[in-house]
Amino acid sequence: MNNKERLELAEWAIGTAIKSGADEASAVIYNTRDVEIEYRDKKLETMKESGRNYLSLQIYTGHRYSGHSTNDIRKPSLEKFIQEAVKGTGYLTQDEFRSLPEKKYYPGNTDADLGLVDPSYEKVDSSQRKKIASQIEEVARSQSGQIISATAGYNDSYYEFVRVHSNGFKGEGAGTYFSAGASVTVKDENGGRPEDWFYASSRFFKELPSPEMLGKNAAQRALKKIGQKKIESGIYEMLVENRASGRLLSMLAEPMSARALQQKSSFLDGMLEKQIASDKLTVIDDPLMPGGMGSRLFDDEGIAAKKRFMIEKGVLRNYYVDNYYGRKIQMEPTSGSSSNLIFEYGTKSLEDLIRDQKRALLVNGFIGGNSNSTTGDFSFGIVGFLIENGEIVKPVNEMNVSGNAKDFWKNLVAMGNDPYPYGSWKTPSMVFTGVNFSGL
Amino acid sequence: MKMTRRAFLEKTSKGLVAAAFVPYFLRLSPAKALAGPIASQVKLDDFMNHFGVDEKIINEVMSVALSKGGDYCDLYFQHSIDNYIGLEDKAVNRAYTDVGFGVGIRVLKGDQTGYSFTEEITPGAMKLAAQTAASIADSGALIKPQELKLKETPAFYPIETPWEEVGIDKKVPYLQQINEKVFAEDKRIIKSNIWFINGTSYIMVANSLGRIACDYQPMGQIAVSCTAEQNGQREQNYFDLSGRHGIEFFTPANIDKLAKESVRRTVMLFDAIKPEAGEMEVILAAGSSGILLHEAIGHGMEADFNRKNISIFSDKIDKPVAEKFVSIVDDGTNPNLRGSINVDDEGNDTEKTYLVENGTLKSYLHDYISSRFYKVKPTGNGRRESFRHVPQPRMRNTYMEAGPHKKDEIIASVKKGLYAEAFTNGEVFIGAGDFTFYVKSGYLIEDGKITKPVKDVNIIGNGPQVLKDIVMVGDDLQMSEGGWTCGKNGQGVPVSMGLPTVKVKKITVGGLNTAKS
Chain D
767 MNNKERLELA
777 EWAIGTAIKS
787 GADEASAVIY
797 NTRDVEIEYR
807 DKKLETMKES
817 GRNYLSLQIY
827 TGHRYSGHST
837 NDIRKPSLEK
847 FIQEAVKGTG
857 YLTQDEFRSL
867 PEKKYYPGNT
877 DADLGLVDPS
887 YEKVDSSQRK
897 KIASQIEEVA
907 RSQSGQIISA
917 TAGYNDSYYE
927 FVRVHSNGFK
937 GEGAGTYFSA
947 GASVTVKDEN
957 GGRPEDWFYA
967 SSRFFKELPS
977 PEMLGKNAAQ
987 RALKKIGQKK
997 IESGIYEMLV
1007 ENRASGRLLS
1017 MLAEPMSARA
1027 LQQKSSFLDG
1037 MLEKQIASDK
1047 LTVIDDPLMP
1057 GGMGSRLFDD
1067 EGIAAKKRFM
1077 IEKGVLRNYY
1087 VDNYYGRKIQ
1097 MEPTSGSSSN
1107 LIFEYGTKSL
1117 EDLIRDQKRA
1127 LLVNGFIGGN
1137 SNSTTGDFSF
1147 GIVGFLIENG
1157 EIVKPVNEMN
1167 VSGNAKDFWK
1177 NLVAMGNDPY
1187 PYGSWKTPSM
1197 VFTGVNFSGL
Chain R
10 MKMTRRAFLE
20 KTSKGLVAAA
30 FVPYFLRLSP
40 AKALAGPIAS
50 QVKLDDFMNH
60 FGVDEKIINE
70 VMSVALSKGG
80 DYCDLYFQHS
90 IDNYIGLEDK
100 AVNRAYTDVG
110 FGVGIRVLKG
120 DQTGYSFTEE
130 ITPGAMKLAA
140 QTAASIADSG
150 ALIKPQELKL
160 KETPAFYPIE
170 TPWEEVGIDK
180 KVPYLQQINE
190 KVFAEDKRII
200 KSNIWFINGT
210 SYIMVANSLG
220 RIACDYQPMG
230 QIAVSCTAEQ
240 NGQREQNYFD
250 LSGRHGIEFF
260 TPANIDKLAK
270 ESVRRTVMLF
280 DAIKPEAGEM
290 EVILAAGSSG
300 ILLHEAIGHG
310 MEADFNRKNI
320 SIFSDKIDKP
330 VAEKFVSIVD
340 DGTNPNLRGS
350 INVDDEGNDT
360 EKTYLVENGT
370 LKSYLHDYIS
380 SRFYKVKPTG
390 NGRRESFRHV
400 PQPRMRNTYM
410 EAGPHKKDEI
420 IASVKKGLYA
430 EAFTNGEVFI
440 GAGDFTFYVK
450 SGYLIEDGKI
460 TKPVKDVNII
470 GNGPQVLKDI
480 VMVGDDLQMS
490 EGGWTCGKNG
500 QGVPVSMGLP
510 TVKVKKITVG
520 GLNTAKS
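Respectively, the protein sequence lines represent chains D and R.
Using the working numbering, the first residue of the first sequence is number 767, and each one after it goes up by one.
Using the working numbering, the first residue of the second sequence is number 10, and each one after it goes up by one.
FYI, nobody ran anything at the bench for these hints, they're computed from the structure.
Among these hints, one or two may not hold up.
[Said to hold, decoys possible] Cross-link-like lysine-lysine pairs, in silico, BS3-like; alpha carbons within 27 Å at most: (1) R:LYS461 - D:LYS1030; (2) D:LYS995 - R:LYS325; (3) R:LYS266 - D:LYS1030; (4) R:LYS136 - D:LYS841; (5) D:LYS1172 - R:LYS461; (6) R:LYS283 - D:LYS995; (7) D:LYS896 - R:LYS179; (8) R:LYS415 - D:LYS808; (9) R:LYS65 - D:LYS1030; (10) R:LYS136 - D:LYS809; (11) D:LYS853 - R:LYS179; (12) R:LYS77 - D:LYS897; (13) R:LYS497 - D:LYS809; (14) D:LYS982 - R:LYS497; (15) D:LYS846 - R:LYS179; (16) D:LYS809 - R:LYS386; (17) R:LYS153 - D:LYS809; (18) D:LYS1030 - R:LYS196; (19) D:LYS1030 - R:LYS99; (20) R:LYS384 - R:LYS361; (21) D:LYS953 - R:LYS328; (22) R:LYS77 - D:LYS809; (23) R:LYS384 - D:LYS953; (24) D:LYS990 - R:LYS179; (25) R:LYS136 - D:LYS889; (26) D:LYS953 - R:LYS515; (27) R:LYS424 - R:LYS458; (28) R:LYS497 - D:LYS990; (29) D:LYS889 - R:LYS77; (30) R:LYS283 - D:LYS1172; (31) D:LYS1030 - R:LYS283; (32) R:LYS497 - D:LYS953.
[Unchecked claim] Partial selection, computed: residues in chain D whose CB lies under 8 Å from chain R: (33) ARG806; (34) ASN819; (35) THR836; (36) ILE914; (37) SER999; (38) GLY1135; (39) PHE1144.
Virtual Cβ for every residue (Gly too), placed ideally from N, Cα, C.
The shape of chain R in the complex, shown without the other chains (with noise of 0.2 Å):
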């Protein structure tokens, strides 16, 4: 984290709530930001003072929650201050902002789990919810918290700028650029839409154990929409970049891609069939296709579903899977990436985590509550949408490591097939192990070559099917940079993926029946 001690003071020295409630995306830029040293200057101190606690009030909370006979407790800050800019029809005339500020207090009987928050942190209200917290359990105090440590923690995402100091006044002309790009890129364009969003997040947890981390967690992303139109057809489709990082991400290089790459998604479709139904060999590109292995086996991981037996992958862990070239690894250390986390949500170290290593199921993904049933090290994938959410096993960036295969020969090596390139959602049973993902644009495969581009189909495999038909693995990993979200319980948290050139040698792809019928 590069953002300076001095612009965090000036933030909250203000006294919490004014200065914690000012929605910064409307300031004018100011005329020069603060030179920046490094992220250890940020102290737990000044943590302390913009949430406006200290530790005996944090102390004197626990207790409280604890009073019940809780076996552990943690308790979240956060402050997050959320602003959207729209450009449509060639103006800038929409702007958005959502401040959210609280503390979520969470007591733990066994694996039993009271939970309540609220906005308002002040020493009464916060034991309030301590109380109510506390009826997880109904007898009398059977542990302490003890003295609270600050846990060190890495610099994954660092930023030139902090985003409160990034002014509306000098994101609209971004916005203004791309949109002009995109009509000078294809003559059929009529309409874009382009979004320019940041969000900040300030976090500090504490736990029982006497362990308390705090983050700075930054996010940028901008996202263009075209609708183009040719002989009264009109086809429309998206691109995106996003990641923890600072405005300087936006470099004229990114600027160029937002503008092209949505033109090229678009246009293409006006040729786009769609492709046979039924099972056929599919080769997922480098890139965003990681979406299959977030479906296929990421959720399936998540030690909740596994702790409570209703995973597919329950009883699978140290069994051959895959191929021995596949490895899938999720990962919040990859530098600037959306799902990347310097802490998770209740203040463990974060690593990247093996599910598969050269065939093998190795380890699920655990929160404090799962590893504490499995008996293991949590492997920081505590995670949760805000204050207002109990944290669960989520994934952080999920991929595949490099295989051995060249991308020509794994699409030379299909006969007929399609190349899925460009993704929208997906979904998984996690019991069952159905899952689907949404390919919005990619193309045909025949004898071996790229034919017509194909539009808005379905996949759907099983996810440990698929994973052993996994046949081939390109040596070109590359991680997704779209703004990717994933929702699980009604939580959304922002996740990434990556994958290379993959080739699955059979599952079934929504499309037409006119060959057959």
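Here chain D stands alone, though its shape is the one from the complex (with noise of 0.2 Å):
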């Protein structure tokens, strides 16, 4: 099936709902094709290549709301679970905010190229995929004898859509993915298997860094952390690495969110336009990035995409408000969800921010930990290193680091030139002042 195809078939599902007694309907249909290639101790350790399709649809019937999904396209059987999906929604509860967007948040073209699928996925075949899989395995694998086990991995995949919707839009996408790297265990003779990992991912196969640099990076990573122990708890100064700062800006997503504030639930309710971070802290929302893996011409509401600042210089402008919770607050839709982040980055790279300072704590992962969007309470584990007079003295893991995210933000000291290459959110390494850590 084509997008020609696949709208031609979301039409025929909508007038079926609508057929069916439904007021308002709107209809996703998705296919994608993935690949999947992993390597290990010189041998292709897995292989997966499969398809998917799916339908998805948004019933509103007498302002009341359902969505459905199923993975049988087949008109006989969709027409089959329309009629009851319909009959169904009728027995929830009304509720006025339930419609489709307005037609004036729609895009009013939707034609535009945003340059997401690159034209060569269809000359990548399987005996290349295996290719880079093996020679990133291989590079890994050789880097050191304290290398236990070198996981190499390929994947790509390609993506189409269209979407309509009943009150008059319609619009399609497309895109490829393809991503590489591997995850590395090592020896640590004081007991333990440090592992890291280095991933790169792109929209182009041309942007995939060599194997060689994609194995050697992801051995190294791991071979650091050799050694590796708690110390003592106290109050530190923190740099986090920019594949690792997305973390905690996540915890500024969900309180951004008009669901949040319409729940009471977001620590942010009340500070639109009022400083929540250093001036250091500016977020862009840009959803038209030619060729961002997070770009695209409209949201998962047919809202039209714009670009905007969502904090600046450390002042909120904007929450994630979406159609419905929008229409609950009485807010302008702006999207319920990120696209790609920009920031305005600083003038240092993480080589520099490291050497200025005197006794820090670099951060170059999380794990586990989670906040609370309703009070900014967060606590999360780390792994990283310490640094002494801006030299890293040794690897530290076992901490946690804690606070409360309305005064954290206030602590940014500085930003990275680095924004993070693989990522929709293009997050630089970012420099903390006063944080807590608890260890020994």
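Using the supplied hints, reconstruct the complex from the two chains, each of which is provided in its own coordinate frame.
Structural data, given as structure tokens:
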């Protein structure tokens, strides 16, 4: 099936819902093809290749709402599925805020090309995939005699979808993803087998780093953990590497949602246009970035994508407002979810930031932990390194970092110049002062 | 399984696909549920009909799967139906359904895996997927699939009414009732979110060794989250009950418990503080504290990590790892628990497996690949999220058996420490052994007494070290009835856990350094 046929089917599905008694409906039909390869100990460990389809349908009947998805998209079964779904929706409670977004929020032009498809996708064949994975594994394994095991992975996917709303929205999209890297486990004489990973991903095949770079990085990261230990509890400066700092930022995502505001479970309630972080923090949501991992012309409610300052020099400028909760709290919808996040970056590299620290903890990974969107409390496990007089002196692990997001973000003192290249959140390395660590 | 043959046939006799994809939550309840005889009356033939296949087709597909020299293959047929209804702002104003239908085909060559699946269960589509999976090997066929023989399975989760017979109209009143009780319980409650989730999965798994098994796997859950406000301060907490149950599990007593416990856990947070940062004595309350075992030892004992030599437990089998009174099991046979299975997702028998017996490390958790590697019997831990996923060694219900101590004496023995009671999540690094779990709420212990409430602290330790540091084990084993889902390599499976009251003599608690600086 191609997108033209999917559009026809989605329109038919919506028509069937309306015919069955729905006032409004929206439908998405999605197809993806995925290949995953894993290499370990010079051998192909796993090879998985599959395609999947699904249809998801939102139904509004008398301001009652339900959502459904199924992977059987043949018309006879769908017809029955939709009829039952519409009928059953009638047993829910009426909710005046339940309806499709107003037409004015849909994009005027849904044909713009964000460059999300790599035309070379079709040319990547299975022997090439295996070769990349086996090379990464070989490079990783050869880095040191202390390596116990290296597993290299490669995967790619291609997706296509259409979205149709009964009140006049029609959109489609397609994209590719590629990712490759390795995880490596090493021997530590003090007991324990520290592990680390290095994976890269991109919309474009040619943007994947070389197998040498991927394998070497994964192994070197694991080797540097040998001898890791917890150190004394205390208040430290904290440097967080770019690939890990998104975990900290994620504690702002839920409290920034209209749902959390309406449900009174956001510590950012009432903070619009107020200072919630130091002036070092500027967060821009940019869905229209060409080739971006999170790029889109419209979000998963059909709402037109727009570049927005979410936080500007520490001042909260926007919430993530979806259609339903936006109606409930009378706010214009922005979008219910983040797309690509870009930041106001600093001038220094991670190495320079390390050199600036007298005594600090460099955090390069988190383990477990959670945050409380209602109060801002958080506590996460960490791994990383102790820095003294501008130098990394030893690896640390088995420690927690704890605090409250309301104070914590005001103690952000520097941003690195190093946006993380392999995700939709282009987070830089970050430096915080006065951070509570618990260890010994 | 108390499901009736008639009910099953009614569902399947309408023809495979049309019946399969009706979102049954939307139906009104039948006037009268069919009176049900016993599980053994649901026959293999019913499953074959349901998936529209027979032994001949399965044999043909397997022959294609083995055509390039694979030494084993299996087919995993699944039909899953998941329903969700949610109450928010006093109204049941949302409902979701998801239906999945398909077959996963796996081919092994030694410990190498080829995998594909199809959402279309036709001979043509299955053979195409089998060809893809077959290409893990690269010769001609070496073996033939053996004739299928049904593996009879036990019934660890009998339910009275299959979820197919419970319409949305029957579920809505539960949520309304809980909501009223929540608001009646405490004036400070300002919001409550309540959701009712139920799922049904029909599975049939056949392998080239000639084994075929089938199962009906129900799941039910009600969860309550509330927010309370006092003098401008807001707090939120959560409580849920889940298991392989039918709707009869949600008795008036359980409805009461859902309302009362979620409110108690929320309003106690108004007075909660953060403990001091650093190592301290920690008491784990009986029940959900079994999350400690899941992270500290359970994952590390999954045999794939040991086969690859990357677990911190890889060299510790038959060695003492804990005090003599510590025995830890992973069990698929507990009645109606969330992690129980009548048969695993590779068609192998489930069992109660000792990870640690009287302080000595005993057995890994095996799937078929690892059992072949270690030349042992599979332990029935081969599980997968769905037909779209490869099976892996996974936990079921992981718990510690009761020990010699009394809860009161355990608490009285602590001078200054933490009593951990409610948890949200945890994680482990398999090789280094670092593991964490997040304490949503608990209490301080001062001079042998439980005192101030504590909230939002992460606990971090090292698996083998913490096992050694378990110095007291209560006689009050309790299993968790929470809706736990365990994630591994991107796959989620339902699990449960349990623990008696346990004292760990030293572990790092996330807190503040105010007292020190």
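Evaluation of the provided hints:
In summary, the hint linking LYS461 of chain R to LYS1030 of chain D is supported, as the alpha carbons are separated by about 25 Å, within the 27 Å threshold. A hinted pair counts as satisfied when its Cα atoms are at most 27 Å apart, and LYS995 of chain D with LYS325 of chain R qualifies at roughly 21 Å. At roughly 24 Å between alpha-carbon atoms, LYS266 of chain R and LYS1030 of chain D fall within 27 Å of each other, so this suggested pair holds. Under the criterion of a C-alpha separation no larger than 27 Å, the hint pairing LYS136 of chain R with LYS841 of chain D is consistent with the structure, at around 24 Å.
Note on LYS1172 of chain D and LYS461 of chain R: the hinted pairing holds, with a Cα-Cα distance of about 23 Å set against a maximum of 27 Å. Between LYS283 of chain R and LYS995 of chain D, the direct Cα distance comes to roughly 24 Å. Compliance with the 27 Å bound is thereby established for this hinted pair. Proximity of LYS896 of chain D to LYS179 of chain R is assessed by CA-CA distance (about 53 Å); at most 27 Å being required, the pair is judged violated. At most 27 Å may separate the alpha-carbon atoms for a hinted pair to count; LYS415 of chain R and LYS808 of chain D exceed this at roughly 53 Å.
Restraint check for LYS65 of chain R and LYS1030 of chain D: the C-alpha separation of about 59 Å exceeds 27 Å, so the hint is violated. The straight-line distance between the Cα atoms of LYS136 of chain R and LYS809 of chain D is roughly 26 Å, inside the 27 Å bound, and the hint therefore holds. Using a Cα cut-off of 27 Å, the hinted pair LYS853 of chain D and LYS179 of chain R holds, with the two alpha carbons roughly 16 Å apart. Under the criterion of a C-alpha separation no larger than 27 Å, the hint pairing LYS77 of chain R with LYS897 of chain D is consistent with the structure, at around 21 Å.
Simply put, LYS497 of chain R and LYS809 of chain D have alpha-carbon atoms about 22 Å apart, close enough for the 27 Å limit, and the pair holds. With a C-alpha separation of about 25 Å, the suggested pairing of LYS982 of chain D with LYS497 of chain R holds against the 27 Å cut-off. Distance check on the hinted pair: LYS846 of chain D and LYS179 of chain R sit about 22 Å apart at the alpha-carbon level, within 27 Å; holds. Pair hint LYS809 of chain D plus LYS386 of chain R holds up; C-alpha atoms about 25 Å apart against a cutoff of 27 Å.
Distance restraint check for LYS153 of chain R and LYS809 of chain D: the Cα-Cα separation of roughly 25 Å lies within the 27 Å cut-off, and the hinted pair is therefore satisfied. Simply put, LYS1030 of chain D and LYS196 of chain R have alpha-carbon atoms about 16 Å apart, close enough for the 27 Å limit, and the pair holds. At roughly 15 Å between alpha-carbon atoms, LYS1030 of chain D and LYS99 of chain R fall within 27 Å of each other, so this suggested pair holds. Between LYS384 of chain R and LYS361 of chain R, the direct Cα distance comes to roughly 19 Å. Compliance with the 27 Å bound is thereby established for this hinted pair.
Restraint check for LYS953 of chain D and LYS328 of chain R: the C-alpha separation of about 20 Å stays at or below 27 Å, so the hint holds. With a C-alpha separation of about 17 Å, the suggested pairing of LYS77 of chain R with LYS809 of chain D holds against the 27 Å cut-off. With a CA separation close to 26 Å, the supplied pair LYS384 of chain R and LYS953 of chain D stays within the 27 Å bound. For the given pair, LYS990 of chain D sits about 58 Å from LYS179 of chain R by alpha-carbon distance, which is inconsistent with the 27 Å threshold.
For the proposed pair LYS136 of chain R and LYS889 of chain D, the alpha carbon gap of about 25 Å is at most 27 Å, so the pair holds. For the suggested pair LYS953 of chain D and LYS515 of chain R, the alpha carbons sit about 26 Å apart, so the restraint of at most 27 Å is met. The hinted pair formed by LYS424 of chain R and LYS458 of chain R meets the criterion: a straight-line CA distance of about 8 Å does not exceed 27 Å. A threshold of 27 Å between alpha carbons decides the hint, and for LYS497 of chain R with LYS990 of chain D the separation of about 25 Å falls inside it, so the pair holds.
For the hint linking LYS889 of chain D to LYS77 of chain R, the alpha-carbon distance of about 25 Å falls within 27 Å, and the restraint holds. As the CA atoms of LYS283 of chain R and LYS1172 of chain D are separated by approximately 15 Å, the hinted pair is consistent with the 27 Å bound. Between LYS1030 of chain D and LYS283 of chain R the CA atoms are separated by roughly 22 Å; this keeps the pair inside 27 Å, and the hint holds. Distance hint between LYS497 of chain R and LYS953 of chain D is fulfilled; the C-alpha atoms sit about 23 Å from each other, no more than 27 Å.
The interface hint given for ARG806 of chain D is met, as the beta carbon of that residue sits about 7 Å from the closest beta carbon of chain R, less than 8 Å. Evaluation of the ASN819 of chain D hint against chain R yields a held restraint, the C-beta minimum of about 6 Å falling below 8 Å. Evaluation of the THR836 of chain D hint against chain R yields a held restraint, the C-beta minimum of about 4 Å falling below 8 Å. With a cut of 8 Å, the hint placing ILE914 of chain D at the interface with chain R holds, because the nearest CB-to-CB distance is about 5 Å.
Because the beta carbon of SER999 of chain D sits about 4 Å from the nearest beta carbon in chain R, less than 8 Å, this interface hint is met. For GLY1135 of chain D, the interface hint holds, the least distance from its beta-carbon to any beta-carbon of chain R being 4 Å, beneath 8 Å. This hint holds: PHE1144 of chain D has a C-beta 7 Å from the nearest C-beta of chain R, less than the 8 Å allowed.
When the structure is compared with the earlier hints, violations turn up for hints 7, 8, 9, 24 and for no others.
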